[in-house]
Amino acid sequence: MIVATAGHIDHGKTLLVKALTGTDTDRLPEEKARGISIDLGFAHLPLADGRHISFVDVPGHQRFIRNMLVGVAEVDYAMLVVAADDGVMPQTIEHLHILCQLAVQRGAIVINKVDRVTEARVVEVENEVRDLLASVGWQSFTIVRASAKEGTGIAVLQQLLMAEAEELQPRPAEGENFRFSVDRTFSVFGIGTIVTGTVCSGAVNINDRALTSPSGNQTRIRGIQINRASATRASVGQRCALNLSSVSVEEVARGDWVVAPAIAHSTTRMDVRVSVLNLEPKAIVHWTPVHLHIASAEVTGRLSIRRGGEIPPGDSQHAQIILDRAISAWNGDRFILRDQSSTRTIGGGVVLDPQAEPWSRRDTLRDARLAALEQPSPEAALDGLLKVCLDGVDLHHFEKAFNLTPERAANIYRGPQMHVVGRQQRTGLETQRHHELLRGIVEGIAQFHLIQPQQS
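So for the sequence shown, my numbering puts the first residue at 69; every next one is plus one.
Hint data in this document are derived by calculation from the structure and do not stem from the laboratory. Take the hints with a grain of salt, since some may be wrong.
With a cut-off of at most 25 angstroms between alpha-carbon atoms, the simulated SDA-like pairs for lysine to any residue come out as follows [stated by the list, open to error]: (1) Lys-455 / Arg-494; (2) Lys-468 / Leu-518; (3) Lys-455 / Thr-495; (4) Lys-86 / Ile-294; (5) Lys-86 / Tyr-145; (6) Lys-86 / His-112; (7) Lys-468 / Asp-435; (8) Lys-455 / Gln-443; (9) Lys-468 / Glu-504; (10) Lys-217 / Asp-153; (11) Lys-455 / Arg-430; (12) Lys-217 / Glu-196; (13) Lys-468 / Trp-427; (14) Lys-455 / Gln-492; (15) Lys-217 / Ser-203; (16) Lys-86 / Met-230; (17) Lys-350 / Ile-294.
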């Protein structure tokens with residue numbers, strides 16, 4: 069299980085992780101000198117069954133929100149920390165809304181530094197937190213009182229995290245290609261390029277071939293480390309370090325991916341569903357400049373809303389994001405949008421078509437296609453697409469967008485609802501539509517021969 073901290077600066081996130089794991093996640097000299105977290109920190113807690121809980125400690129200062137966004141992008145559990153003396157603060161609220169936009173469904177709220185205040189103050193802060201949670205529908209999240217300095221509540225929090233890890237259902241690695249989001253790169257003398265990050269889908273073994281995306285550089289996995297121990301395989305949901313061959317440290321960076329060759333791609337235009345925070349003072353209008361944060365990447369771009377429209381606070385709509393540089397993304401990936409100056413979070417959303425075509429005013433079926441792409445499974449999405457795409461579904465595009473292995477795609481296509489035509493350029497047609505086209509071809513040929521029998 070991967071756990072990310074969240075919360076305002078100086079509310080004790082790093083000290084809390086140290087109390088839980090024994091590891092000080094502040095590794096940079098500047099962090100030691102200033103006493104604040106600047107970049108991501110990492111630690112792990114071994115479990116009795118041999119598994120580990122991995123912790124990603126994020127900065128709480130507003131200036132380092134971009135680093136925080138990298139840390140919470142691919143996590144199973146959130147630990148939102150609120151200091152009992154300060155109470156709810158601006159980054160408490162912003163971090164909570166970021167977690168909501170990223171669809172983090174599980175977490176705990178830690179009221180830290182309870183040793184500094186009275187019981188009445190702790191109760192007051194708990195009520196503040198409950199009101200904040202209720203505003204985003206998180207009422208079921210557990211609230212734990214703690215003092216990282218004194219050790220109060222640490223055993224309770226450890227037991228809670230272990231119980232949550234036991235209940236977490238592992239995501240299957242089968243059916244999806246390998247995707248690894250890079251959040252740190254460095255070089256080790258005699259070993260070469262090392263990247264650290266999270267396996268977001270599939271699995272990888274030593275000596276597997278891969279590509280860095282979006283650059284497309286070929287590489288091979290020379291080594292794998294999980295929780296500082298050598299491993300032969302890394303699977304979805306695990307944090308790990310990969311030793312890459314044939315790629316220099318200058319050729320891969322935070323925001324890149326290491327992926328199976330079949331799904332490597334780049335894009336500068338994506339169809340998405342965008343949700344605007346209800347805290348926004350006004351609607352988001354067509355062609356608004358934004359900072360997009362997706363996985364570990366940050367890129368600027370523009371939000372295109374159909375017919376020059378707008379998205380009011382608290383609302384969500386289909387839109388396109390046109391990016392200033394190429395990235396990689398896949399259907400279902402969550403993202404965060406910040407304003408042009410990158411000083412506040414304005415919303416978030418989910419990727420529908422990562423390699424979208426420019427919108428046309430004459431495209432009356434656009435919303436129906438995007439609604440199909442929002443379905444909770446590729447099977448349901450394909451069923452919806454077949455109903456609205458009378459010219460057929462580009463299956464290569466579909467498989468790459470949904471990150472389907474050939475075996476899983478073949479299983480999906482075996483249903484009676486679709487007929488596959490073509491070999492190099494495979495197209496899926498609804499069975500009834502395929503029959504209609506065949507009948508139309510036969511009738512057309514017959515009519516042609518009636519008119520011009522000498523051409524037979």
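Status of each hint after checking the structure:
1. Lys-455 / Arg-494: Judged against 25 angstroms, a Cα distance of about 17 angstroms means the pair holds.
2. Lys-468 / Leu-518: violated, 45 angstroms
3. Lys-455 / Thr-495: At roughly 14 angstroms apart (the allowed maximum being 25 angstroms), Thr-495 and Lys-455 satisfy the hint.
4. Lys-86 / Ile-294: holds, 19 angstroms
5. Lys-86 / Tyr-145: holds, 18 angstroms
6. Lys-86 / His-112: holds, 10 angstroms
7. Lys-468 / Asp-435: This hinted pair holds, its Cα atoms lying about 21 angstroms apart.
8. Lys-455 / Gln-443: holds, 13 angstroms
9. Lys-468 / Glu-504: Not OK: Lys-468 and Glu-504 at ~28 angstroms, beyond 25 angstroms, violated.
10. Lys-217 / Asp-153: holds, 14 angstroms
11. Lys-455 / Arg-430: Answer holds: Lys-455 to Arg-430 is near 19 angstroms, not above 25 angstroms.
12. Lys-217 / Glu-196: holds, 23 angstroms
13. Lys-468 / Trp-427: It holds: about 21 angstroms lies between the C-alpha atoms, which stays within 25 angstroms.
14. Lys-455 / Gln-492: Satisfied, since the Cα-Cα distance of roughly 23 angstroms is no more than 25 angstroms.
15. Lys-217 / Ser-203: At roughly 31 angstroms apart (the allowed maximum being 25 angstroms), Ser-203 and Lys-217 break the hint.
16. Lys-86 / Met-230: holds, 16 angstroms
17. Lys-350 / Ile-294: violated, 45 angstroms
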